[in-house]
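Visitor: Spelled out, the chains give:
Protein chains: 2
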Amino acid sequence: MAERPLVYIKIRIRHGEIYAMGPGKADLLQAIRDTRSIAAAGRQLGMSYWKTRHLLEEMRVSFRQPLVTATRGGEQGGGAALTDLGDEVLERFRAIERAAGVAIADLAEDFRTFLAD
Amino acid sequence: MAERPLVYIKIRIRHGEIYAMGPGKADLLQAIRDTRSIAAAGRQLGMSYWKTRHLLEEMRVSFRQPLVTATRGGEQGGGAALTDLGDEVLERFRAIERAAGVAIADLAEDFRTFLAD
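Protein chains in written order, with my numbering: chain A, 2 to 118; chain B, 2 to 118.
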């Protein structure tokens, strides 16, 4: 079993009253890219239909242009894919997460000395 | 009214099955330092008695030595203060939060161009 990380970092990008992007939305975009289906993506993440729709709707109103587009010929005849903007948003968000993780890795490791055995 | 930040970063330090430190625990330590009372700290944060006790208990079992100590002469005869370790843990955690924020500030600002007006 892989050792679980010492530090969890959760990053969210705000847009008005809601979050345009966060870990759940990024995972959903990634799963849509991988499965080429919104329904399959939700299933892969164990996310309810309504949760999936809710996250997609929050992204729809937050970004300048669509991140997800319908395709033909996917599972059950109707699939989905990321737009170019969707790909870029996902990559940029993952880069932000990585940058934060790299920046604090040593500080977090130092913190370990305070913890009980 | 101050503009709300574009990015929220939540950092938690894990210890075994629980979190040794996170935003709520750091705020509690800070409020104890400011108010010199566990009860007053909880009130200041709008935190229930049980929540306050729960966070203190999680910190108690996570760190090598106590972060909080009882004092005499505080509010209602019994106060509290941070130990030297408590001060150091709080400062180090805030430094980790700041380091993450600094590291991603520019990337997050770039991300803003994707967002709807």
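Treat the hints with care, since some could be wrong.
Since the list gives no way to pick out one identical chain from another, each pair is judged satisfied if it fits inside one copy or across any two copies.
As the list claims (entries may be wrong) - Dumping the calculated EDC-like pairs for lysine to aspartate or glutamate here, alpha-carbon to alpha-carbon at most 20 Å:
(1) Lys-52 <-> Asp-118
(2) Lys-52 <-> Glu-4
(3) Lys-11 <-> Asp-118
(4) Lys-52 <-> Asp-28
(5) Lys-52 <-> Asp-111
(6) Lys-52 <-> Glu-110
(7) Lys-52 <-> Asp-35
(8) Lys-11 <-> Asp-35
(9) Lys-52 <-> Asp-107
(10) Lys-52 <-> Glu-18
(11) Lys-52 <-> Glu-98
Note that these hints are calculated values from the structure, not bench results.
Visitor: Against each hint, give a clear statement of whether it holds in the structure.
Guide: Hint-by-hint comparison with the structure:
no.	hint	in the structure
1	Lys-52 <-> Asp-118	neither (39 Å within a copy, 25 Å between copies)
2	Lys-52 <-> Glu-4	neither (30 Å within a copy, 29 Å between copies)
3	Lys-11 <-> Asp-118	neither (26 Å within a copy, 25 Å between copies)
4	Lys-52 <-> Asp-28	within (13 Å within a copy, 31 Å between copies)
5	Lys-52 <-> Asp-111	neither (38 Å within a copy, 28 Å between copies)
6	Lys-52 <-> Glu-110	neither (35 Å within a copy, 28 Å between copies)
7	Lys-52 <-> Asp-35	within (19 Å within a copy, 41 Å between copies)
8	Lys-11 <-> Asp-35	neither (22 Å within a copy, 27 Å between copies)
9	Lys-52 <-> Asp-107	neither (36 Å within a copy, 31 Å between copies)
10	Lys-52 <-> Glu-18	within (18 Å within a copy, 27 Å between copies)
11	Lys-52 <-> Glu-98	neither (23 Å within a copy, 30 Å between copies)
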